[in-house]
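Trainee: Here's the letter readout for the chains.
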Amino acid sequence: MFRQGDLLFIATANLGDGCIKQNSKVVLGSSITGHDHKITKGDVYTHEPTWGDNANFYVDVPEGTELVHPEHGTIPMSEGLYKVIRQREVNGYVTD
Amino acid sequence: MLQTNLGIIIPPIKFEKEMKKLIKNRHLVPDEFWVRTDGGMYEVIWFMDRQKPSVEQSYDFDEERLGLTKDGQIIWGWDSGCSCPSPWSAGDYGDNNYTVKDWKEFVVATEEEMKKPVPENSWDMSWFDKGWDDECYSNLNDFLLLIKKNLKGKEVLEVKNAEVRRYLIKRIGYETIKDDVEAETLHVDGHNELLRFNSGELYVKVRDHSTSREYLLYVEGNHETCRSAIAWTFGLSEADYQPKMET
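So the protein lines, in turn, are chains L and C. Taking my numbering, I'd label the letters of the first sequence as residues 1 to 96. Taking my numbering, I'd label the letters of the second sequence as residues 1 to 247.
No lab work stands behind these hints: they were computed from the structure. Keep in mind that the hints are not guaranteed to be accurate.
As the list claims (entries may be wrong) - Covered by chain L, per the in silico footprint, the following chain C stretches (three or more residues, Cβ under 8 Å):
{"no.": "1", "segment": "202-215"}
{"no.": "2", "segment": "218-225"}
{"no.": "3", "segment": "230-238"}
These figures come from a predicted structure and were not determined experimentally. We put the CB at the ideal spot given by N, CA and C, even for glycine.
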């Protein structure tokens, strides 16, 4: 488990139901800051979030992948599948 | 567009479309201005992403006026004597006159309102001359934020966007916010602080590991520790929240 800003990455064995592989390597961008959380290799998957399970992203990455962001420190990632949880508060997600 | 208790937040897309056009054509950026809406006078804060190409910034406030429409559109006008070109220059501009092309229901601050002295407790907005030296501006793309004068702590906490709320908290002051809502400190963990407000709401103040920016997050549940509240923001229990690395 590791965290970059408002995203928490947890190693997992299974991809969530209904996930769709994205063409982009952007895990999450912000409409306010314009700064993206991005993986340097691998694939991003998304599905619609539901309340009580706010993990709406998965990333499947090979060895040597890095998680990068303009303002947050780079995180080296081990090969594997990760569930990505967005930070939330009562009013919704911390970033939009 | 976001309609908040503070006024209107104009999202980046609309802002860029309209204001970049204005900048491109006029090479002018106002460094301090107010607008009046139906809700009263509002301070206008212009956030600019410093990573984008800068524009020439010359400015004569006495000759410039900005109007804001109810639906968030912007109109620009000026007093006679200003030689600056404008995207709306087809209009007829006389003293204190403003012309709108396809802009509806706008309200422009009057000359009289503009001349009112700035209250002592208002904010100095003259940052353009100093450059972008405040870190809080670098975290936001271009957009306008209208801030009501004499903003209260409770109003700030009702702002849903955490990034905008963070900015406002910084402007007003964290301790001022706490005083306004009669916050009780339940737990302190380094820079993090768990608070209960007089209304019963629980908030956790957190400091970002990389940027050192501080956020106040509204949490649910009966938390006794900051870590428990932070874990909740990720949908986890305190025991399950064990990040090995944070940046």
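Trainee: Indicate, hint by hint, whether the structure satisfies it.
Mentor: Consistency of the hints with the structure:
Only residues whose C-beta sits within less than 8 Å of a C-beta in chain L count toward coverage, and the segment 202-215 of chain C has 5 of them, enough to reach three; the restraint holds. With 3 residues bearing a CB less than 8 Å from a CB of chain L, the segment 218-225 of chain C meets the requirement of three and the coverage assertion stands. Under the rule that three or more residues need a Cβ within less than 8 Å of chain L, the assignment of the segment 230-238 of chain C holds, with 4 such residues.
When the structure is compared with the earlier hints, no violation turns up for any of them.
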